[in-house]
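Engineer: Going down the list, the protein sequences come from chains A and B.
Throughout the first sequence, residue numbering follows UniProt numbering, covering 1 to 190 in sequence.
Throughout the second sequence, residue numbering follows UniProt numbering, covering 1 to 190 in sequence.
No lab work stands behind these hints, which were simulated from the structure alone.
If a hint is listed, it holds; no wrong ones were tucked in.
Below, a list of computed lysine-lysine pairs in the DSBU-like style, where the Cα atoms sit at most 30 Å apart:
1) Lys51(B) with Lys123(A)
2) Lys184(A) with Lys6(A)
3) Lys6(B) with Lys100(A)
4) Lys51(B) with Lys184(A)
5) Lys100(A) with Lys51(B)
6) Lys123(B) with Lys51(A)
7) Lys6(B) with Lys184(B)
8) Lys184(A) with Lys100(A)
9) Lys184(B) with Lys51(A)
10) Lys100(A) with Lys6(A)
Number of protein chains: 2
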Amino acid sequence: MPSPLKFYLAGPEVFLPDARAILDAKADLTRTYGFEPLCPGDLTIPPAPTKHQFGLNISEVDEDFMNRADGVIANLTPFRGIAADPGTVFELGYMCGADKLVACYTNVAETHYQRTLAWYDGKLDRDVEGRMRGPDGHSLEDFDMIENLMLHGGVARRGGPVVVHAADPAALYTDLTGFEECLKALAERV
Amino acid sequence: MPSPLKFYLAGPEVFLPDARAILDAKADLTRTYGFEPLCPGDLTIPPAPTKHQFGLNISEVDEDFMNRADGVIANLTPFRGIAADPGTVFELGYMCGADKLVACYTNVAETHYQRTLAWYDGKLDRDVEGRMRGPDGHSLEDFDMIENLMLHGGVARRGGPVVVHAADPAALYTDLTGFEECLKALAERV
Chain A
1 MPSPLKFYLA
11 GPEVFLPDAR
21 AILDAKADLT
31 RTYGFEPLCP
41 GDLTIPPAPT
51 KHQFGLNISE
61 VDEDFMNRAD
71 GVIANLTPFR
81 GIAADPGTVF
91 ELGYMCGADK
101 LVACYTNVAE
111 THYQRTLAWY
121 DGKLDRDVEG
131 RMRGPDGHSL
141 EDFDMIENLM
151 LHGGVARRGG
161 PVVVHAADPA
171 ALYTDLTGFE
181 ECLKALAERV
Chain B
1 MPSPLKFYLA
11 GPEVFLPDAR
21 AILDAKADLT
31 RTYGFEPLCP
41 GDLTIPPAPT
51 KHQFGLNISE
61 VDEDFMNRAD
71 GVIANLTPFR
81 GIAADPGTVF
91 ELGYMCGADK
101 LVACYTNVAE
111 THYQRTLAWY
121 DGKLDRDVEG
131 RMRGPDGHSL
141 EDFDMIENLM
151 LHGGVARRGG
161 PVVVHAADPA
171 ALYTDLTGFE
181 ECLKALAERV
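Let's have the full structure, built from the sequences with the hints guiding it.
Structural biologist: Here is the structure:
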């Protein structure tokens, strides 16, 4: 029997009050689809003399997990603002750069464009070239994508699923419907 | 004479009203340090029948630039919120995953922790394990880093410069002091 494919489970779950429970639930679900989960929560971080060095140690351990994984499933649900958690975004980019299998999902139905529009309270202008800009002069992307085009495009162009599920706001970070859709798509693909 | 090292210049400059001017200034500065610049603005994007496909085309062109580059200099100055532009974060992760040279800078002096604290208006509590959490229950990282530990750690652990420069807010996206510090550090290193 071949060894199961390993997926790194990237997302902001590590910051939740019930991080362990939700990471365990994601890991269990991953196994039911025949894959082996690698979670950033599954760590024993080497102690360090400074908090800075401790952060570097976590970075090393998480990169090691990614290097061992065959792919990533990234939770791009917006976190502390209109964009995905930067750690998760970095990890998705890392796995694209390392030529691994990639999948992503979001629990928010609004597109990147719609969220940016809301950031500007709907106040947009068109510049002389017809480009939409906020009151700060910064231009908006509208590519019908869930995130910045490098993220959405990086996954879609590799054939990975880009799943959108409108979760109940109360379950924004715990609803696993979109996550399971990614697992299903990956199981059909490999 | 060996061909110069190529650096991909990642950052939110592409969204600025004067994108072309600032990208050209960064490219010129890069050349003065003996490197060849590759900018996401230097594109001829294949036309596409839908805006979605056009976004995918940009993703492909930008990834191609990164694949041709020997390294990246990422502008992690916070953009539309407390974190760096997600496209830039993806690109920094991509280049770490592809094992290239990496450098980053920010034009904001506050750490990731300080910005997150401000996001919560300073309202933090400690949970039973002593971990700091915002009113939404989400935990805060305090690793004395400019961004999420995967970003700062990914660059620092590879020996790349992590430059902090407190720019005048009016020049937040145009001040090239930190960018030039990265070039200096890379020129000394290679």
